[in-house]
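Residues per chain, in single letters:
Number of protein chains: 2
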Amino acid sequence: MGSIKTIIFDAYGTLYDVQSVTTTLDNFYPKKGAEISKSWREKQIEYSLLRELMGNYLSFYEITKDALLYAIEKHGETVNKQQTKTLLEVYLHLKPYPEVKGVLSQLNHQQLAIFSNGSHNMLDPLVKNTGMKNYFEQVISVDEIKHFKPTIAAYDYATKKLGIRKDEILFVSSNGWDISGAKNYGFHTAWINRKQLPIEKLNLTPDSIYTDLTGIL
Amino acid sequence: MGSIKTIIFDAYGTLYDVQSVTTTLDNFYPKKGAEISKSWREKQIEYSLLRELMGNYLSFYEITKDALLYAIEKHGETVNKQQTKTLLEVYLHLKPYPEVKGVLSQLNHQQLAIFSNGSHNMLDPLVKNTGMKNYFEQVISVDEIKHFKPTIAAYDYATKKLGIRKDEILFVSSNGWDISGAKNYGFHTAWINRKQLPIEKLNLTPDSIYTDLTGIL
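In order, the protein sequences belong to chains A and B.
Numbering follows the numbering used here, with no gaps: position 139 of the first sequence is 139.
Numbering follows the numbering used here, with no gaps: position 99 of the second sequence is 99.
Incorrect hints may have been included.
Treat identical chains as interchangeable: a pair holds within one or across any two.
Said to hold, decoys possible - Each computed EDC-like pair below joins lysine to aspartate or glutamate, with the alpha-carbon atoms no more than 20 angstroms apart: (1) Lys195 with Glu35; (2) Lys161 with Asp124; (3) Lys166 with Glu144; (4) Lys74 with Asp212.
Because the hints were derived from the structure by calculation, they are not lab data.
Turn these sequences into a full structure, and let the hints guide you.
Dropping the structure here:
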């Protein structure tokens, strides 16, 4: 892959640990934090896929709120406005995985970007709050085109915004559905298989597979 | 809803219990049947959504096989060709939920149809093997148009095939994503909430909600 000019990173689950919300959830719902967090994330992804399929786009911020309400209710709990606000604010302060900053520092000869389903009102504060703004030339959100990954339209938007060819891009994600979509579109792909899961059976095998971000160095 | 001329039923999870596969899975993988069955079903649905979004259609039969392979591998097991064949054949003999035949018998003054993401090589033997063929005027598969539910294109295909207006149709499904899609398209909807789950937070509240199929009588 000598022709790679730009590395695009997915945000949630790839650079940032979305399960960082568990601690705050545990404070509100003792011992239920982990399971609510899992439901929240699953529903968040599902709602983005469903809304895209139904032609019913809503920003990822709103979807994240809706998914939270579903998850809380599913686990037999309630949530008030203040708690909702607090939980959504945790998304602006998610922890990067331990190796992330070290790896990004060593990639300073490459053009780096984030491309996420998240909306700018989530991504921009997160990147700033975690001190990671300087690593990236661009933070691109699907909200600019209002089509979620893994549609071809979404990945193509990112390519056009960067102004280079798709075969000059390495796309990095820990999400199976995202890395499959990126491969389907035509990016070089590196799957960060943090949870040691099987390769998705979609006939779209990632070009490289690593257990964490250090693999791409 | 005095204008309802036709009732369309979803198949998997609505008329038929997809967890009937658990017994066979338990024979092959003692004590792991329930968890493999759950993963299998989740992946089956996810792959249909992802393939639709990626513009990469494959029949539900093939998707069901791929999802099985993923689920087996996820739970640290292996599956040979004969076991795969046996497990896929269980899908042709799924158990109807206990109340289903009684309810369908009492709806004999209505036109009834099935509309499913399943392909005909799955649906037709299943309906025949369970002795339910005579209840339905039509068994319609998305495979005829190669767009999965919950796209508008899929529901619209079923409407056109039935030759009536969408506001003359009651759509019945136990799947939250499916009943939301049907509402989004414009069907009257009855959600069979078998698992006592929250209403999906998609601003598409079903017109009626029942715990099993007897509610629609």
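Verification of the hints:
| no. | hint | result |
| --- | --- | --- |
| 1 | Lys195 with Glu35 | both (16 angstroms within a copy, 17 angstroms between copies) |
| 2 | Lys161 with Asp124 | within (17 angstroms within a copy, 48 angstroms between copies) |
| 3 | Lys166 with Glu144 | within (19 angstroms within a copy, 34 angstroms between copies) |
| 4 | Lys74 with Asp212 | between (32 angstroms within a copy, 19 angstroms between copies) |
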